[in-house]
Amino acid sequence: MEKIIAGKTIHVNEEGYLTALSEWDKSIASEIAKEEGVGELGDRHWQVIEYLQGQFKQEIPLSIRKIGKSGVVGIEEFYALFPQGPLKKASKIAGIPKPASCI
Amino acid sequence: MKKLVILGAGTAGTMMANHLRSELDKHDWEIDVIDHRQDHYYQPGFLFLPFDIYKPKDLVKSISSFIPKGVNLVSDKADKIVSGEKKVVMQNGDVIHYDILIIATGCDIAPEEVEGMNGAEWKKSVFDFYSFEGSLALRNKLRTWKGGKLVVHITEMPIKCPVAPLEFAFLADSYFKHKKMRDKVEITYVTPLSGAFTKPKATAVLGHLLDDKHINQVNDFGIRKVDNENKKIIDYEGREVPFDLLVTVPTNKGDAVIERSGLGDDLNFVPTNKATLQSLVSPEIFVIGDATNIPASKAGSVSHFEAEILTENIKRFIKGEPLKEEFDGHANCFVETGNGKALLIDFNYTHEPVEGTFPFPGIGPLRLLKESRMNHMGKLAFRWIYWNMLLKGTHIPFVPTQMKTAGKHF
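Protein chains in written order, with our numbering: chain D, 1 to 103; chain S, 1 to 410.
Derived by calculation from the structure, the hints in this document are not laboratory data. Hints may be right or wrong, so weigh each one.
Unchecked claim - Below, a list of computed lysine-lysine pairs in the DSS-like style, where the Cα atoms sit at most 25 Å apart:
| # | chain 1 | residue 1 | chain 2 | residue 2 |
| --- | --- | --- | --- | --- |
| 1 | S | LYS3 | S | LYS77 |
| 2 | S | LYS3 | D | LYS66 |
| 3 | S | LYS319 | D | LYS98 |
| 4 | S | LYS3 | D | LYS69 |
As the list claims (entries may be wrong) - Far from chain D by the CB rule (all over 10 Å, computed), these chain S residues:
| # | residue |
| --- | --- |
| 5 | SER65 |
| 6 | SER75 |
| 7 | TRP122 |
| 8 | PHE132 |
| 9 | PHE176 |
| 10 | HIS178 |
| 11 | GLN217 |
| 12 | ARG224 |
| 13 | TYR236 |
| 14 | ASN293 |
| 15 | HIS351 |
| 16 | GLU371 |
| 17 | SER372 |
| 18 | MET374 |
| 19 | TYR386 |
| 20 | MET403 |
Quick caveat, the model's predicted, so the values are computed rather than measured. All residues carry an ideal CB built from backbone N, CA and C; glycine is no exception.
Same shape as in the complex, but just chain S (with noise of 0.2 Å):
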């Protein structure tokens, strides 16, 4: 009997388990999933938690409800992963010992990395909606606040879900309209980024519709320090932005499990190619999701596509045969823009993001790059499907693991 040993029980972790029970033989290869957590969190609802549009029960399962039968769930933390003894140790001292590892850790905020964010007004005008308790948090805030500045702050890329921070300004702008208090808010957007996205034409389209909001932005912004006394953050050059509401995106940073067995790089990302999703560290290790330090984003649709591939690639790998090197990077992320108004971006490593429609070329319904109804009701019918459908490793009808070009305006 052989063992596969997932680490992380997160999005990817459980893909990968329901996706490999069933493709692999139970009388060769036993699967373990190790995460010492018991709460599976819906994290992009995080985004809506802190304008009461979800609430706390609409976003958390639990982790074991999604690990199907066949599969050992671990409930233990693990300490290190010893690649050199194929071993993952455990903190209560037992040792499981794999043939074949893949690590699904993921990332989580560290706000300890800048100076004073997490001080003295952390969770008092400081927030983070990147946790589900940072977000809940925030959500009490919102219900009680009176307005001022409101700034809404990206701390370094990379970041998961890099378009999150961007939907929250446009739904804080949407959300106190809403109360009657928009005139009491002024809405500052700011980022270490020379725009309002990593690439062009979406950043074109999302620029507008700041100014479009009335959102000023404030652009590359490499923050040295949050001062708490006097409510600002500064940045390496001097420049100030006060604020009375600071809502940040923290560094992101892989899990401590990384660091501890000293296979990742300075934020605890482990080197993999990007192509095959084989680790750079050793043979049998292969990397899935926010854990990577592929130049992908960090997203569930993203982790969705990988799976797919993924799992050619572990049977493969078993098999002895070359693997496929076939993921593209694609993305594939519904926008929120407030005023139950959503648009879509479908990109990869090589296409950015442009107009068009999908996921039907010339059809749609759904419409790329483009503000529309449709889209909102997209993303909220994501909620569905990913309880129902991506976290279970069922292929998500018509949306093709490959990005597609047809359809689209380049």
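This is chain D alone, in the form it adopts within the complex (with noise of 0.2 Å):
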């Protein structure tokens, strides 16, 4: 279905993902996570971000625990930065699917 956000119409899913990452930029990004509860975007929230979408080019599937061991952010940090489902927050704000690691 289509979306406007930021002023952007982009293509989601029902549960609001992105179905195509080209459609992303940061304002988009801006926007997802205050509809999710995230607030401001700062550095740490980037450098993640840009961590899951280079994840997701390579076809790697993500899940917490290889986040938690990437040396890119920590558990504990990764759930302070996005509360309440770091995993599947992040993705929906970096513009990727929802993770498979929840079948």
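Build the complex from these two chains, which are given one at a time in their own frames, with help from the hints.
Put into structure tokens, the structure is as follows:
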């Protein structure tokens, strides 16, 4: 379905995840972050988002455990940055699909 | 003479031994199955054992009784797979060379992955029901438990049979009602997921059932540790859930032989092509069942559907033909909901569980995503089907390998 975020028309699935990363930009991310209750995105948020997008482009499945071992962010900080379901929220903000680690 | 080796004689490995012995020419192909264990457990029964619905003897038979004639059962422990040299090195030093290897080493609980989980309270007030020993110990505990806070908990995904912890909560509600002590037990369901299940429509139905049965839900709970002293679990955001009895599903990991062989991901699951079941490690290595990293449920029904496609693909591989890219992630699971009822879910990679009829569109007799006694009878009948048909690789009548969309309400 289509959705207007930050004045741009983008495509999302029924849960609000972008269906094409190519439609993503930082203003869209900031807007989704507000909707998700994450608030203003700082440097650490952007570093995590960049890492998640990089993993997605390499088709590497994501899990909280893997992110904790990545050296990019520890599990506790990851939760602090994206409270209440960090992987799910961070993925939505990063414009990548909901991780398949919940099947 | 060429050799095909199956590593693991659990549900998936045993099915493959039966399928392949009848499909491959005995003069051309020798088949070895490697497994050091003696007992084959009916794992779906681990859910029922704690509630005295099944007895231990209902759940165990010998591995060797399901390995067909013409297949060598090697009852020793494998140390590692050396994929570059196409050999399996055994712990006793023996070496088994293969032309084709099927990895069917499954997965198991790893409570040591969470701080304090297998601490002082392990098997005292902290239990699992994903192992025979754990399930039996929990049965003994429940028989004399006086009530209090029961917490049913999932550590992290993926886990074997993702609906089992929900079923455990439903059956616990039923069990304590039956014992006339439901008012003395507060049941809380704690999950790292945002809802009762992974797929939206089933989550709505199952979430309602939790409410109906007065089972509290705590979602998005990423456990950091088990506090044995104060009997509570604590998550990464500092949330605490107190318990008198914790029934947890610990982290599930693939077998240590995968780690020793350097073939797995960080949970020892083997990277596998999700449509062909060929490993991404080496073309002559295939993977089936809980050992794979494919995004399908880790369940016996999934292994059953995989086995039919993998058998075809092994035959094609031998002939040098392209592999069938046909595995669709099909899973078909009865979900016990307590009080002699169950619901049934049927889904795959792309289609979530929905309402409808099964296996005959419009007729049933089984109802999808709706509670019924018939579904419960189906679940109980499944034990007979498991021992007598599934392990032997017999096709289950009317249940297709690939999921069908007819009769379903998408």
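Results for each hint:
1. LYS3/S / LYS77/S: holds (19 Å)
2. LYS3/S / LYS66/D: Violated, at roughly 37 Å.
3. LYS319/S / LYS98/D: violated (39 Å)
4. LYS3/S / LYS69/D: violated (39 Å)
5. SER65: holds (33 Å)
6. SER75: holds (34 Å)
7. TRP122: Per Cβ check, TRP122/S is outside 10 Å of chain D; nearest 21 Å; holds.
8. PHE132: holds (25 Å)
9. PHE176: Fine: 29 Å to the nearest Cβ keeps PHE176/S off the interface.
10. HIS178: holds (33 Å)
11. GLN217: holds (14 Å)
12. ARG224: violated (8 Å)
13. TYR236: Incorrect as stated: the minimum Cβ-Cβ distance to chain D is 4 Å, not above 10 Å.
14. ASN293: violated (7 Å)
15. HIS351: Consistent with the label, HIS351/S stays out of reach of chain D, its closest Cβ about 13 Å off (over 10 Å).
16. GLU371: holds (23 Å)
17. SER372: Answer for SER372/S: holds, closest chain D Cβ roughly 26 Å.
18. MET374: Given a closest Cβ separation of 27 Å, the condition holds.
19. TYR386: holds (23 Å)
20. MET403: Nearest chain D Cβ is 15 Å from MET403/S, so the label holds.
Checked against the numbered hints above, the structure violates hints 2, 3, 4, 12, 13 and 14; every other hint is satisfied.
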